[in-house]
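Residue numbers (the working numbering): 1331 to 1687.
The set of hints was computed from the structure by calculation and includes no laboratory data.
Treat the hints loosely; a few may be bogus.
Derived DSSO-like pairs (lysine-lysine); straight-line CA-CA distance at most 30 Å [claimed, not checked]: (1) LYS1543 with LYS1459; (2) LYS1543 with LYS1460; (3) LYS1685 with LYS1543; (4) LYS1684 with LYS1460; (5) LYS1554 with LYS1460; (6) LYS1501 with LYS1558; (7) LYS1459 with LYS1554.
Distance ranges between label pairs, derived from CB positions [to be verified]: (8) ALA1566 with ASN1646: 19 to 25 Å; (9) ASP1399 with ASP1334: 45 to 51 Å; (10) ARG1363 with LYS1543: 53 to 59 Å; (11) HIS1565 with GLN1661: 39 to 45 Å; (12) GLU1540 with TYR1415: 36 to 42 Å; (13) LYS1558 with HIS1615: 37 to 43 Å.
These numbers come from a predicted model, not from an experiment.
All C-beta atoms in this analysis are idealised placements derived from N, C-alpha and C, irrespective of residue type, glycine included.
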Amino acid sequence: MPIDIAFLAIAEAQQLYHWLPAALELARRPDVRVHILSPSDQILALAASYDPQGLLRPIRLRRPPSGPDSLFRQPSRLATLLLNYPAIVRFPTLVTTEISSAWLRRIPGFRSRLILIKHGAGDREGGYKKRHADFDLTLVAGEKDRHRMIDRGLCAPDAVAVGGYSKFELKAPRQRYFQNDDPVLLYNPHFDPHLSSWPGHGAQILAVLEALKGWNVIIAPHTKLARKTPPIVSHAPHIRVDMGSRHSIDMSYTMSADVYLGDVSSQVYEFLLHPRPCIFLNLDHRDGSGDAFAHWRLGQVIERADALPQALACANDLQPGFVAAQEAAMQQSIDLSPIAASRRQADIILNFVKKSA
């Protein structure tokens, strides 16, 4: 009898890259049917663009009242779950990358297995919520996050497994975004207003970036920040601003940049798939000893925006001193096994489903 597994695609497009490789791998397995449930035609179309063989079975959920369909603005997750509850719970196994789906546990009679593919690298405390405990199985990228989930009492040791970072399998190739051969700096501010460098210092940072000589600059904030902040606008010819596109979520920029500039975004680990210079902004003079700032050990940390040109000037010379730390951080945060993460994730999910049947 075929095994039916449903992936809940009710989050914004940036999360799709964390579950789609496992969904495609499972769909290739004999006697497994993989269904993609989403209230968004755009999300379903994005998934289909990576599925030329048509292995996945899309199901368009009813859409709660909301704005126009968009990759980066989806309707209320809770409203989507409630409106489509009968269509969702007919599947015995539900896989998701967001924790709003844990609310299904609160509905009397809910019996489906809930599996979470956790996105991110496990640095920021905001990545640990009580609702994580409502999942039957959690897959994380590396041992660091696994230990933190267990230590916080959110998972029993046998309910959390390391599956790697399957998004790497969908990464875009290095691309050319500018007409000249100047090196490319990627500025990637985080969305958390209490930790991000942009909300309090955006104008100052933009002025420094616009004044840079001999550099091309891509400004690509986390898509959650892009939704909350006024559009970043620059007419400088060496600056490209992306407030939310496929390029901003498929690793196009992290693969194409020469230097990374950021604050606390775990996207730095996507950049460090190939070790390169990193510069971190501590413009609020924070104590960087906490977990949220763990990757500040992987590059220069500057406390004034006007220190950026000098930091860039010496970035390549200083990089050899950071390579060992970058490689160690990647090993701890993301398990880079020679076995594809999508295959490991599919094996973990399928073994769990068979044992639970």
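The hints, checked one at a time:
no., hint, in the structure
1, LYS1543 with LYS1459, "violated (44 Å)"
2, LYS1543 with LYS1460, "violated (48 Å)"
3, LYS1685 with LYS1543, "violated (60 Å)"
4, LYS1684 with LYS1460, "holds (27 Å)"
5, LYS1554 with LYS1460, "holds (22 Å)"
6, LYS1501 with LYS1558, "holds (26 Å)"
7, LYS1459 with LYS1554, "holds (18 Å)"
8, ALA1566 with ASN1646: 19 to 25 Å, "holds (23 Å)"
9, ASP1399 with ASP1334: 45 to 51 Å, "violated (26 Å)"
10, ARG1363 with LYS1543: 53 to 59 Å, "holds (57 Å)"
11, HIS1565 with GLN1661: 39 to 45 Å, "holds (42 Å)"
12, GLU1540 with TYR1415: 36 to 42 Å, "violated (50 Å)"
13, LYS1558 with HIS1615: 37 to 43 Å, "violated (24 Å)"
Hint check: violations occur at hints 1, 2, 3, 9, 12 and 13; the rest are consistent with the structure.
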